[in-house]
Amino acid sequence: MTDTRAYEGLIAETITVQGDGGDSIYAYFARPLGEGPFPAMLLLHHIPGWDEWYRETARRYAHHGYVTICPDLYYRDGSGEPEDVAAKVRAEGGAPDDRVVGDADGCIAYLRSLPYVTGKVGVMGTCSGGRHSFLVGCRSSEGVDAVVDCWGGNVVMPPENLSERQPVAPIDYTADLAAPLLGLFGENDFSPTPDQVAEHEAALQREGKDYEFHMYPNAGHGFFYYNYPQAYAAEAAVDGWEKIWDFLERKLG
Amino acid sequence: MCTMIAEKVQIAGSGKSRDRWFPIAQTYVSFDHPFHLQREHALNLDFVNEELGTGARVAVELTPEDARELATTILRLLDEGAEVEAGSA
Numbered sequence: 001m002t003d004t005r006a007y008e009g010l011i012a013e014t015i016t017v018q019g020d021g022g023d024s025i026y027a028y029f030a031r032p033l034g035e036g037p038f039p040a041m042l043l044l045h046h047i048p049g050w051d052e053w054y055r056e057t058a059r060r061y062a063h064h065g066y067v068t069i070c071p072d073l074y075y076r077d078g079s080g081e082p083e084d085v086a087a088k089v090r091a092e093g094g095a096p097d098d099r100v101v102g103d104a105d106g107c108i109a110y111l112r113s114l115p116y117v118t119g120k121v122g123v124m125g126t127c128s129g130g131r132h133s134f135l136v137g138c139r140s141s142e143g144v145d146a147v148v149d150c151w152g153g154n155v156v157m158p159p160e161n162l163s164e165r166q167p168v169a170p171i172d173y174t175a176d177l178a179a180p181l182l183g184l185f186g187e188n189d190f191s192p193t194p195d196q197v198a199e200h201e202a203a204l205q206r207e208g209k210d211y212e213f214h215m216y217p218n219a220g221h222g223f224f225y226y227n228y229p230q231a232y233a234a235e236a237a238v239d240g241w242e243k244i245w246d247f248l249e250r251k252l253g
Numbered sequence: 001m002c003t004m005i006a007e008k009v010q011i012a013g014s015g016k017s018r019d020r021w022f023p024i025a026q027t028y029v030s031f032d033h034p035f036h037l038q039r040e041h042a043l044n045l046d047f048v049n050e051e052l053g054t055g056a057r058v059a060v061e062l063t064p065e066d067a068r069e070l071a072t073t074i075l076r077l078l079d080e081g082a083e084v085e086a087g088s089a
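First to last, the sequence lines map onto chains A and B. The first sequence: position 38 = 38 (our numbering), numbered continuously. The second sequence: position 29 = 29 (our numbering), numbered continuously.
Chain A with its partners taken away, still in its complex shape:
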């Protein structure tokens, strides 16, 4: 809640962080000013790359009181305009899962090393970032305290879609999920389809996991993206963000 008489400020900048294999990669970093301690968030970007929407979202999280890091998961694939780099990664079948988890672990360790962080860290992503967020929730050696998966496709994968870069369907890691999970999905989405979301939900129930899924009618893939008019679904987006803030307050606050 904003108090009109309260001091407010944030800092946001590009930093270098150690990712998978100790590689130095770039990350966008945004944090509220003040001594804290603040909870922290890791944002994993979507297929269109390390773009403006994710920078804005990092600043939005900082505004809401979270020290936030968003690594360039395509750092090793080239530099330039985000979509030019992303086009290359799209053609190559996406970022390798192991590398993403390694980059995430580097970022989580960095966040927990900061003197103004409580130690609680959540992870959130959309599209492929939602899938990666779930993977991190299951496979991170650093561990996270909350996972937000927004319409992550390919959590359920038919065997013919497995590849060297994505050798295991994330749903097969469900037993290893070590943090509460919030999932936001649209009924009109092709990836994940409502049936795939239901299959994932059944696996979470079987394993007795702490999760909440919300399926929005009249919403498809990417319903937070106000810069894609075809995808944006205002009602679902407003409610979805409220659910995220509520979930994170309960799990990281």
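Calculated directly from the structure, the hints in this document are not laboratory data. Accuracy of the hints is not assured; some may be wrong.
Stated by the list, open to error - Simulated restraints, written as ranges between beta carbons of each label pair:
#, chain 1, residue 1, chain 2, residue 2, range
1, A, Ser163, B, Ala86, 37 to 47 Å
2, B, Ala12, A, Tyr116, 47 to 57 Å
3, B, Leu77, A, Asp239, 46 to 56 Å
4, B, Lys16, A, Tyr226, 26 to 36 Å
5, A, Gln230, B, Ile11, 23 to 33 Å
6, A, Ala109, B, Thr72, 48 to 58 Å
7, B, Pro23, A, Trp241, 40 to 50 Å
Backbone N, C-alpha and C fix where the C-beta goes; we use that ideal spot for every residue, glycine too.
Model the placement of chain B on the given structure of chain A, informed by the hints.
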């Protein structure tokens, strides 16, 4: 990547990106999320030269219907061109 429908084709040609021509060495063909076209999925063509950096790219995003029509047109014109070249040989 969301659809996993993507291929890289090695080709040789020329493309114009912003203000310069460059030699095209690869084409990325995908049926996946476009960057600009207002559809969830599109037939995306990226004519690139990986040796010149990620900025050496000409991008085209088409509806599936238009992509099919374009492919048919290309094949028809190639056939007509082959006849012309055969006649002049």
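Hint says 47 to 57 Å; check whether the CB-CB distance for B:Ala12 and A:Tyr116 agrees.
-> This hint holds: roughly 55 Å between Cβ atoms.
That 26 to 36 Å hint for B:Lys16 and A:Tyr226 (C-beta), does it hold up?
-> holds, 32 Å
A:Gln230 paired with B:Ile11, Cβ distance criterion 23 to 33 Å = Since A:Gln230 and B:Ile11 have Cβ atoms about 31 Å apart, the given range 23 to 33 Å holds.
Beta-carbon spacing of A:Ala109 to B:Thr72 - inside the hinted bounds 48 to 58 Å or not = holds, 54 Å
Per the hint of 40 to 50 Å, is the separation of the Cβ atoms of B:Pro23 and A:Trp241 within bounds?
-> Holds, at about 46 Å.
Beta-carbon spacing of B:Leu77 to A:Asp239 - inside the hinted bounds 46 to 56 Å or not | The hint (46 to 56 Å, Cβ to Cβ) holds, given that B:Leu77 and A:Asp239 are roughly 51 Å apart.
Look at the Cβ atoms of A:Ser163 and B:Ala86 and judge whether their distance stays inside 37 to 47 Å.
-> holds, 42 Å
In summary, this structure violates none of the numbered hints.
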